[in-house]
Amino acid sequence: VLTHSRRSFFRQTLFMFTQKPAVPKPSATLVLCAPSPILDSSKSKCDYRVLLVKRGGNSRFLPNGHVFPGGIQEKADKDQKWRELFKTYVESNQTRNLSLKIDDDDITSRINAIRETFEETGKLVFINGKNTPSSTLEPALREWRQKLQKDGSLFYQMCISLGLIPDIWNLILWSRWITPPIYPQRYDALFYLTVIRSEDSIEVEHDGTEITKCEWLRPEEALLMNERNQIMLPLPTMMTLSELAFNPEFNLCSNLKLYLDQKKRDVLAREPAILASAPNHSNHSNQKSFHVNT
Numbered sequence: 134v135l136t137h138s139r140r141s142f143f144r145q146t147l148f149m150f151t152q153k154p155a156v157p158k159p160s161a162t163l164v165l166c167a168p169s170p171i172l173d174s175s176k177s178k179c180d181y182r183v184l185l186v187k188r189g190g191n192s193r194f195l196p197n198g199h200v201f202p203g204g205i206q207e208k209a210d211k212d213q214k215w216r217e218l219f220k221t222y223v224e225s226n227q228t229r230n231l232s233l234k235i236d237d238d239d240i241t242s243r244i245n246a247i248r249e250t251f252e253e254t255g256k257l258v259f260i261n262g263k264n265t266p267s268s269t270l271e272p273a274l275r276e277w278r279q280k281l282q283k284d285g286s287l288f289y290q291m292c293i294s295l296g297l298i299p300d301i302w303n304l305i306l307w308s309r310w311i312t313p314p315i316y317p318q319r320y321d322a323l324f325y326l327t328v329i330r331s332e333d334s335i336e337v338e339h340d341g342t343e344i345t346k347c348e349w350l351r352p353e354e355a356l357l358m359n360e361r362n363q364i365m366l367p368l369p370t371m372m373t374l375s376e377l378a379f380n381p382e383f384n385l386c387s388n389l390k391l392y393l394d395q396k397k398r399d400v401l402a403r404e405p406a407i408l409a410s411a412p413n414h415s416n417h418s419n420q421k422s423f424h425v426n427t
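Residues in the sequence shown are numbered from 134 upward in steps of one, following our numbering.
Don't read these hints as lab results, they were simulated from the structure.
All C-beta atoms in this analysis are idealised placements derived from N, C-alpha and C, irrespective of residue type, glycine included.
There could be a bad hint or two in this list.
In silico DMTMM-like cross-links for lysine to aspartate or glutamate, where the CA-CA straight-line distance does not exceed 25 Å [to be verified]:
(1) Lys346 - Asp333
(2) Lys346 - Asp180
(3) Lys390 - Glu353
(4) Lys158 - Glu332
(5) Lys158 - Glu404
(6) Lys280 - Glu353
(7) Lys211 - Asp237
(8) Lys208 - Glu276
(9) Lys390 - Glu343
(10) Lys158 - Glu343
(11) Lys346 - Glu276
(12) Lys390 - Asp300
Label-pair restraints from in silico Cβ distances [claimed, not checked]:
(13) Ser286 - Arg398: 25 to 33 Å
(14) Phe379 - Glu224: 25 to 33 Å
(15) Lys214 - Lys176: 29 to 37 Å
(16) Asp399 - Ser334: 27 to 35 Å
(17) Phe379 - Arg216: 32 to 40 Å
(18) Lys153 - Glu382: 36 to 44 Å
(19) Leu357 - Glu382: 15 to 23 Å
(20) Ser286 - Arg193: 17 to 25 Å
(21) Gln318 - Lys208: 16 to 24 Å
(22) Lys178 - Asp284: 37 to 45 Å
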């Protein structure tokens with residue numbers, strides 16, 4: 134008997150030989166890192182956890198996969214009103230040494246990543262422009278989240294209403310992944326990374342539809358769970374976690390924050406042969422290099 138995941142894999146393989154590949158849709162993903170001190174008994178080298186969400190079992194794309202939150206870009210993410218909002222904030226907060234040397238497409242993708250993460254998990258990366266008390270802000274955000282799950286175009290209206298600024302400056306473009314041609318749904322996904330302040334809440338809640346579970350896990354922990362078949366990590370997620378876990382430069386939150394401050398990273402556009410392996414299949418990637426300044 135074939136599981137839903139295996140049926141999905143074989144359906145995608147059949148699609149590859151019978152249909153013209155779909156055009157990848159622009160999308161964005163957010164790798165959220167939260168400080169978490171290493172316990173003496175822990176073998177972990179990373180002093181932070183990352184947020185992973187589990188996709189629903191009936192999803193047509195990566196069912197039951199553990200991924201970083203994110204999703205498809207919406208038309209409203211491109212609205213020029215966003216740039217005007219950021220420009221006004223930069224001009225009135227020059228002491229923060231912020232700039233708008235970010236091109237329009239990059240701003241759009243950063244908004245996309247922040248919005249989708251909020252819709253899926255309730256975690257919003259933002260600047261509290263009006264210093265609204267959390268006791269007032271939190272219930273308002275829960276109410277707005279329900280509205281956004283039905284209509285993502287309301288994100289700008291929510292930010293204006295609550296005096297919030299999506300913190301696009303605290304994101305760094307980490308990688309880019311293009312769904313292989315065998316998938317009926319294809320995405321050109323930009324992966325951004327950010328570090329949550331130690332004083333910020335890490336409370337999250339799945340949306341109950343697309344996402345059925347939210348988990349904060351250390352990179353090594355997630356990789357071990359994948360190896361033991363306790364969770365299923367698609368290739369882009371697994372590669373990102375491996376880089377964080379096994380590159381000493383990225384083991385410490387303090388190093389990640391310094392990396393964020395540099396705002397520069399060489400990014401590879403990766404288009405793997407498959408995203409999730411079936412028996413006797415391996416993951417190989419075709420890579421195209423390009424440089425991104427953020």
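Cross-check of the supplied hints:
With a C-alpha separation of about 21 Å, the suggested pair Lys346 and Asp333 falls inside the 25 Å cut-off, and the hint holds. A C-alpha spacing of about 23 Å is found between Lys346 and Asp180, which places the hinted pair at or below 25 Å, so the restraint holds. About 20 Å separates the Cα atoms of Lys390 and Glu353, which keeps this hinted pair within 25 Å; it holds. Taking the CA atoms of Lys158 and Glu332, the gap is near 36 Å; set against the 25 Å cutoff, the hint is violated.
Taking the CA atoms of Lys158 and Glu404, the gap is near 14 Å; set against the 25 Å cutoff, the hint holds. Of the pairs offered as hints, the one joining Lys280 and Glu353 is violated, with about 36 Å between alpha carbons and a cut-off of 25 Å exceeded. Between Lys211 and Asp237 the CA atoms are separated by roughly 8 Å; this keeps the pair inside 25 Å, and the hint holds. Simply put, Lys208 and Glu276 have alpha-carbon atoms about 22 Å apart, close enough for the 25 Å limit, and the pair holds.
For the proposed pair Lys390 and Glu343, the alpha carbon gap of about 31 Å is over 25 Å, so the pair is violated. Simply put, Lys158 and Glu343 have alpha-carbon atoms about 18 Å apart, close enough for the 25 Å limit, and the pair holds. Among the hinted pairs, Lys346 with Glu276 is consistent with the structure: their alpha-carbon atoms are about 20 Å apart, no more than 25 Å. For the hint linking Lys390 to Asp300, the alpha-carbon distance of about 14 Å falls within 25 Å, and the restraint holds.
At roughly 30 Å, the beta-carbon separation of Ser286 and Arg398 lies within the given 25 to 33 Å, and the hint holds. Hint check: Phe379 to Glu224, Cβ distance near 42 Å, so the stated range 25 to 33 Å is violated. Lys214 and Lys176 have their C-beta atoms about 48 Å apart, which leaves the hinted 29 to 37 Å range violated. In this structure, Asp399 and Ser334 meet the distance hint of 27 to 35 Å, their C-beta atoms being roughly 33 Å apart.
For the pair Phe379 and Arg216, the supplied restraint of 32 to 40 Å holds, since their beta-carbon distance comes to about 38 Å. About 42 Å separates the C-beta atoms of Lys153 and Glu382, a value consistent with the hinted range of 36 to 44 Å. Remark: the range hint 15 to 23 Å for Leu357 to Glu382 is upheld by a beta-carbon distance near 21 Å. Separated by about 24 Å at the C-beta atoms, Ser286 and Arg193 satisfy the suggested range of 17 to 25 Å.
For Gln318 paired with Lys208, a C-beta distance near 18 Å keeps the hint of 16 to 24 Å intact. The hinted window of 37 to 45 Å between Lys178 and Asp284 holds, with their beta carbons roughly 42 Å apart.
This entry does not satisfy hints 4, 6, 9, 14, 15, going by the numbered hints stated previously.
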